[in-house]
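2 protein chains.
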Amino acid sequence: MIKLKIISVGKTKESWLEEAINEYLKRLKPYASIEFLWAKNDSQLIDWTSKENSVLCLDPLGMLFDSSEFSHVIHQKIQEGGARLAFVIGGAEGLPSQLRDQYTLLSLSPMTYTHQITRLVLIEQIYRAFEIAKGTKYHK
Amino acid sequence: MIKLKIISVGKTKESWLEEAINEYLKRLKPYASIEFLWAKNDSQLIDWTSKENSVLCLDPLGMLFDSSEFSHVIHQKIQEGGARLAFVIGGAEGLPSQLRDQYTLLSLSPMTYTHQITRLVLIEQIYRAFEIAKGTKYHK
Numbered sequence: 045m046i047k048l049k050i051i052s053v054g055k056t057k058e059s060w061l062e063e064a065i066n067e068y069l070k071r072l073k074p075y076a077s078i079e080f081l082w083a084k085n086d087s088q089l090i091d092w093t094s095k096e097n098s099v100l101c102l103d104p105l106g107m108l109f110d111s112s113e114f115s116h117v118i119h120q121k122i123q124e125g126g127a128r129l130a131f132v133i134g135g136a137e138g139l140p141s142q143l144r145d146q147y148t149l150l151s152l153s154p155m156t157y158t159h160q161i162t163r164l165v166l167i168e169q170i171y172r173a174f175e176i177a178k179g180t181k182y183h184k
Numbered sequence: 045m046i047k048l049k050i051i052s053v054g055k056t057k058e059s060w061l062e063e064a065i066n067e068y069l070k071r072l073k074p075y076a077s078i079e080f081l082w083a084k085n086d087s088q089l090i091d092w093t094s095k096e097n098s099v100l101c102l103d104p105l106g107m108l109f110d111s112s113e114f115s116h117v118i119h120q121k122i123q124e125g126g127a128r129l130a131f132v133i134g135g136a137e138g139l140p141s142q143l144r145d146q147y148t149l150l151s152l153s154p155m156t157y158t159h160q161i162t163r164l165v166l167i168e169q170i171y172r173a174f175e176i177a178k179g180t181k182y183h184k
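If you're matching them up, the sequences are chains A and B in order.
Residue numbering for the first sequence follows the numbering used here, beginning at 45 and increasing consecutively.
Residue numbering for the second sequence follows the numbering used here, beginning at 45 and increasing consecutively.
Bear in mind the hints are in silico, worked out from the structure with no lab data behind them.
Possibly wrong hints are sitting among the right ones.
Since the list can't tell identical chains apart, any single copy or any two copies may satisfy a pair.
Restricting the straight-line Cα-Cα distance to at most 35 angstroms, the calculated cross-link-like pairs of lysine-lysine (DSBU-like) are [what the hints assert, rightly or not]:
(1) Lys95 <-> Lys70
(2) Lys47 <-> Lys57
(3) Lys84 <-> Lys184
(4) Lys121 <-> Lys73
Bound conformation, chain A alone:
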């Protein structure tokens, strides 16, 4: 079973976001389990990230992919990580430079998104990535 983590700083509990994310978690069940981890601060974020085998950090200045390329990249990273992959989202001040220098940076858009929208877009793209790999009609 593929196990993904989404590690970010500072928990927020917008009810609309939980509802939307739960919908995608349900859809993702046949493909992967997703665990959300909330770091208290940047140093905990760096510490937790250092323990992961395979990491993708989200940053507006990272590489831009279309959804098919993203599907390819994350499947490659999941394989490298032995069915494990951690996504890291920075806090209000963005990604700590220590992570920015060390890991592959991925951008969902050149635009700046709120953390909440980043989380939603990411989880939908993860779901889409599995549908693309499976060749379903979800992505056309």
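Got chain A sorted already, so can you dock chain B onto it with the hints?
What follows is chain B alone, placed relative to chain A:
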């Protein structure tokens, strides 16, 4: 008062999306009113769009902007349109080629988003655009 329209095909009523969008509509009140229009099909979408003075069409193959550039572009378009601007989002099959050929195409990301997520990202970027123009701390 600035009046914006978001014209798209096919109404969807996810409760999480309504809650999220209502939050941004509330925040946008001091800046602009936003009207959502739901076309029944592509020909109605084309018809409604043709009646607008200032139009931006959303398409994954459109121009990519960061949030500051987007703020600049939409303020320019709002001025051209006499305090009016319409955003057009295509249906499940994407934007009709007639619109794609005629109007400025704007991309929120090279990735393919669902219509629901497109609407949410768009409205947050519109709100951000006004905050950027005002120079508040929302965007940093």
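Taking the hints in turn, this is what the structure says about them:
For the homomeric pair Lys95 and Lys70, the shortest alpha-carbon distance inside one copy (27 angstroms) is at most 35 angstroms, but the shortest distance between copies (42 angstroms) is not. Both within a single protomer and between protomers do Lys47 and Lys57 lie at most 35 angstroms apart by alpha-carbon distance, with minima of 23 angstroms and 31 angstroms respectively. When the C-alpha separation of Lys84 and Lys184 is checked against a cutoff of 35 angstroms, the pair qualifies only between copies, where the shortest distance is 21 angstroms, while the shortest distance within a copy is 39 angstroms. Only within a single protomer do Lys121 and Lys73 lie at most 35 angstroms apart by alpha-carbon distance; the minimum there is 19 angstroms, versus 44 angstroms between protomers.
Of the numbered hints given earlier, the model fails none.
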